[in-house]
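Engineer: Model the full assembly from the supplied sequences, consistent with the hints where possible.
Using the numbering used here, you'd call the opening residue of the sequence shown number 97 and step up by one each time.
No lab work stands behind these hints: they were computed from the structure. For each residue, glycine too, the CB sits at the ideal point set by N, CA and C. Be careful, since some hints might not be right.
[What the hints assert, rightly or not] Simulated DEER-style distance windows between Cβ atoms:
| id | residue 1 | residue 2 | range |
| --- | --- | --- | --- |
| 1 | E202 | G656 | 36 to 42 Å |
| 2 | G400 | R518 | 32 to 38 Å |
| 3 | K506 | G573 | 14 to 20 Å |
[Said to hold, decoys possible] Below 20 Å or equal to it, Euclidean Cα-Cα: the simulated PhoX-like pairs (lysine-lysine) are:
| id | residue 1 | residue 2 |
| --- | --- | --- |
| 4 | K530 | K374 |
| 5 | K628 | K657 |
| 6 | K657 | K372 |
| 7 | K355 | K374 |
| 8 | K374 | K628 |
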Amino acid sequence: MSGWRQWLGRFGQGGARRPGARAASGAVSVRSVRYASSPLLASKTPPWRSKFLVGLVGAGFLLLLGRAVYVQVIGTEFYQQQGANRYAHKLELPANRGRITDRSGELLASSVEAPTLWAIPRDVTATSAEKRQLARLLGMPVGDLEKRLADNPNFVYLRRQVDDSVALQVRALNLKGVHQLTEYKRRYPAGEAAAHVVGFTNVEDRGQEGIELAFQSDLAGRDGSRRVIKDRRGRVVEDIGERVPPVDGRDIELAIDTKVQFFAYQRIRDAVAEHKAKAGSVVVLDVQSGEVLALANYPSYTPGDRRNLSGAQLRNRALTDTFEPGSTMKPFIIGEALQAGRVSPSTVIDTAPGRMSVTGSTISDAHPHGALTVEQVIQKSSNVGTVKISQLLSEREMWETFSAIGLGQKPQIDFPGAVTGRLRPYKTWRPIEKATMSYGYGLSASLFQLARAYTVFARDGELIPVSITRSQQPGAGVRVFSPEVARDVRHMLQMAAGPGGTGPKAQTIGYSVGGKSGTAHKQEGKGYADKKYRAWFVGLAPIDKPRIVVAVMVDEPNAGKYFGGEVAAPVFSEVVQKTLQAMGVSPDLDVKPQIVARHEDAVEESF
97 MSGWRQWLGR FGQGGARRPG ARAASGAVSV RSVRYASSPL LASKTPPWRS
147 KFLVGLVGAG FLLLLGRAVY VQVIGTEFYQ QQGANRYAHK LELPANRGRI
197 TDRSGELLAS SVEAPTLWAI PRDVTATSAE KRQLARLLGM PVGDLEKRLA
247 DNPNFVYLRR QVDDSVALQV RALNLKGVHQ LTEYKRRYPA GEAAAHVVGF
297 TNVEDRGQEG IELAFQSDLA GRDGSRRVIK DRRGRVVEDI GERVPPVDGR
347 DIELAIDTKV QFFAYQRIRD AVAEHKAKAG SVVVLDVQSG EVLALANYPS
397 YTPGDRRNLS GAQLRNRALT DTFEPGSTMK PFIIGEALQA GRVSPSTVID
447 TAPGRMSVTG STISDAHPHG ALTVEQVIQK SSNVGTVKIS QLLSEREMWE
497 TFSAIGLGQK PQIDFPGAVT GRLRPYKTWR PIEKATMSYG YGLSASLFQL
547 ARAYTVFARD GELIPVSITR SQQPGAGVRV FSPEVARDVR HMLQMAAGPG
597 GTGPKAQTIG YSVGGKSGTA HKQEGKGYAD KKYRAWFVGL APIDKPRIVV
647 AVMVDEPNAG KYFGGEVAAP VFSEVVQKTL QAMGVSPDLD VKPQIVARHE
697 DAVEESF
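Structural biologist: This is the structure we're talking about:
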């Protein structure tokens, strides 16, 4: 106990009393602590430590200063934009897509307003019964609707470009989270009759086929914009900046005549059905302007309703399908021989006994004819006579004629999908190939190429450019034959389409016509299909002053008849009559020509 008191005494002696303090009886005096005597505090701090701490503080300051400079000076535009994005929005002002019209201003395609249904899935509180009703109006299973709502909680399209009646019924449901906006939808008044010409757009209003695709940039125009401030509910409260107005798309005026297009489509559709064929096409050209008055294909489709659409319906066969043109090539061989002075229309060609051999291969006629004039070679469509005339020409002369009429070249027309066809260099031709090419085998062309090629005869030997759009002045043509040769061949085509020729069913009431039928086996792989044919007829009218060229093709007729003069020529006849009437062309015949229908009088071309 005494040790404890001694320690306290020493402690008290070392401490200073507070001024004015009075020691109480029995109280203990406490001394202040001497911090300098502490071993820890009395230790010497290394100089580098303080410098390091000061450096860290300085580096932090510089870092903050650099960040401030970057935000306020270097990256100010970005941060201002980010701030503006929180309240400012750019709204697109869609341009109205241009219209497509025919040559008379009849609408073929136009844009109309169409409601689009969309939703914010996280806001949708519909009951099961309401979802079933909504799914029914949208034309989809309930499961698909629920999956669509589950895919994205922020935004989803329910159905785009619906009918007004559907939009009104959905609005009547008054479902929370389901909204509507206005878009533009294309309407096609001509329907399936002009589908392959006009084409169609997708849901984003971009052209996918036909004129809609070919003139996409012209039709689309340029969208405008406006900058606005929106509140937190997405409502526009103020316009900011300048408004950029939209520039509507340009209207496209086609050369197509809606009346001619409708009739051509209906007639080829009926012919395909009558002959149980696979497909058919018709091309009508105005030979004075080079304009396409009709381009019809069957099967077709409705541009505004493309559900369950097949590739066969989409194909614009008149431009995309190529085939061996067969006997329709014979007039060009005769024309070249006349132009070169090797024969005249009255030159006699011995075709007896109706067949001939070329390097071991036999070429024959369907019926032996004996001696024929050059005119009669075309009238009777003699293969033997045509081959003998072609032997008077060189391979180069034939090739140059075929090239001059556009074979082996892509048609220069503002339309997608046009094909080149096939025409091999003349240096590779073997003798048998030269012979078969004279009557249309060993090369290929589209129906559109054939129609254009026949403008040579309609335009007195001049091949003219063709156009799908309205043109006031035709482009410069290319001289292929002299006017005299063209007129001679026109007379031969008139004989071929008349009594004793291969296409008397091409005759029409009130108008003189001329043309050439063709029938050929269809190629399959490296050979020819058994009992599969293409039948066509290409011609012009009226014969003295031609105004139109009409080309008709029927693919795989399967009802007992397959010759071009029996299957395609009647379509040609009716299309010619309706087209010339629609154009206001006066008849050049006073009486109806007598149509020879007996098979023995209408000798078809040989294969």
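Engineer: With reference to the structure, classify each hint as holding or not holding.
Structural biologist: Structure-based check of each hint:
no. : hint                    : in the structure
1   : E202 x G656: 36 to 42 Å : holds (39 Å)
2   : G400 x R518: 32 to 38 Å : holds (37 Å)
3   : K506 x G573: 14 to 20 Å : holds (18 Å)
4   : K530 x K374             : violated (31 Å)
5   : K628 x K657             : holds (11 Å)
6   : K657 x K372             : holds (10 Å)
7   : K355 x K374             : violated (25 Å)
8   : K374 x K628             : holds (10 Å)
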